[in-house]
Amino acid sequence: SQKIEQNSEALNIQEGKTATLTCNYTNYSPAYLQWYRQDPGRGPVFLLLIRENEKEKRKERLKVTFDTTLKQSLFHITASQPADSATYLCAPRGSGGYQKVTFGIGTKLQVIP
Amino acid sequence: GAVVSQHPSWVICKSGTSVKIECRSLDFQATTMFWYRQFPKQSLMLMATSNEGSKATYEQGVEKDKFLINHASLTLSTLTVTSAHPEDSSFYICSAESGSSYEQFFGPGTRLTVL
Numbered sequence: 003s004q005k006i007e008q009n010s011e012a013l014n015i016q017e018g019k020t021a022t023l024t025c026n027y028t029n030y031s032p033a034y035l036q037w038y039r040q041d042p043g044r045g046p047v048f049l050l051l052i053r054e055n056e057k058e059k060r061k062e063r064l065k066v067t068f069d070t071t072l073k074q075s076l077f078h079i080t081a082s083q084p085a086d087s088a089t090y091l092c093a094p095r096g097s098g099g100y101q102k103v104t105f106g107i108g109t110k111l112q113v114i115p
Numbered sequence: 110g111a112v113v114s115q116h117p118s119w120v121i122c123k124s125g126t127s128v129k130i131e132c133r134s135l136d137f138q139a140t141t142m143f144w145y146r147q148f149p150k151q152s153l154m155l156m157a158t159s160n161e162g163s164k165a166t167y168e169q170g171v172e173k174d175k176f177l178i179n180h181a182s183l184t185l186s187t188l189t190v191t192s193a194h195p196e197d198s199s200f201y202i203c204s205a206e207s208g209s210s211y212e213q214f215f216g217p218g219t220r221l222t223v224l
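So the sequence lines, in the order shown, correspond to chains B and F.
Each residue of the first sequence is one higher than the last, beginning at 3 in the numbering used here.
Each residue of the second sequence is one higher than the last, beginning at 110 in the numbering used here.
Excised from the complex, chain F in its bound form:
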């Protein structure tokens, strides 16, 4: 079945530093990848939609200069949290969708803690 991986699974960083999270589709080509953020006991909130080879589409209220998304290939998308602050601490989850079906497959998530 379709597998999506994320790396790292958790990261702790100091305030002001940047953190890069990778999302890979391992056994299929993902024309579209999505990035979500989830706070405790809350729903997944879509941050941005990323299509291979084009600029990401950000949801309202998400700062594109703070959350840099790159989808350079059909199997890899990256999210960089720039100048991270404690309020950016959250669970970041990516998902990937193949062009042949509309099923979204999620990565295991990355727990970011900013001190």
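Okay, chain B solo, but in the shape it has when bound:
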């Protein structure tokens, strides 16, 4: 069955540093991979989508890489801020319409001032 692993349940980093979160997947060949942010008691907020033919994608301080050989995606937040503290979820997805999205448990990021 499909399995998604995110590197750790919690990651603490100092403000200003780069946070790197890992998402590994097995028994799956997604065409897309999405990253979301979730704050406690709230629904996930879409951040970035990267396609299988894209190696890297950037949006402001965020960068996502997608390595289909390693079956891994890395999510980077540069110049991290306390406001970046949240749980980050990765979600691989197949191609075509009506595809369900499976979520990992997420990595809880804490940026320490």
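By construction, these hints were calculated from the structure, which means they are not laboratory data.
Please read these numbers as outputs of a predicted model, since none were measured by experiment.
Not everything, but these chain B residues come out facing chain F in the computed CB check (under 10 Å):
#	residue
1	6
2	11
3	38
4	43
5	44
6	47
7	51
8	91
9	93
10	95
11	103
12	104
13	105
14	107
15	108
No residue lacks a Cβ here, since even glycine has one placed at the ideal position from N, Cα and C.
Following the hints, position chain F against chain B.
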């Protein structure tokens, strides 16, 4: 940007009653909507996939007669928890996907507490 709303944001009900949760895409047409359930400190678990005008596809282990899903229009899907019991208490979240992109946009969630 794409906005998805849910109503109500929280609900408390007695055991045995039914609860309806609405999910609306406010500024785009959603060909597909998804319903998730999330227990504390756990991942989002997909319950069902709903396509406008057709029957929902339920995930294994999700009782379709207990969790009724209706996707009557391109902007509205509803989830009805029938004969709710305390073990149904959870955080229910919907998401909507437009036909033009594969980005999923989530609602803010509905906290259901069954006494």
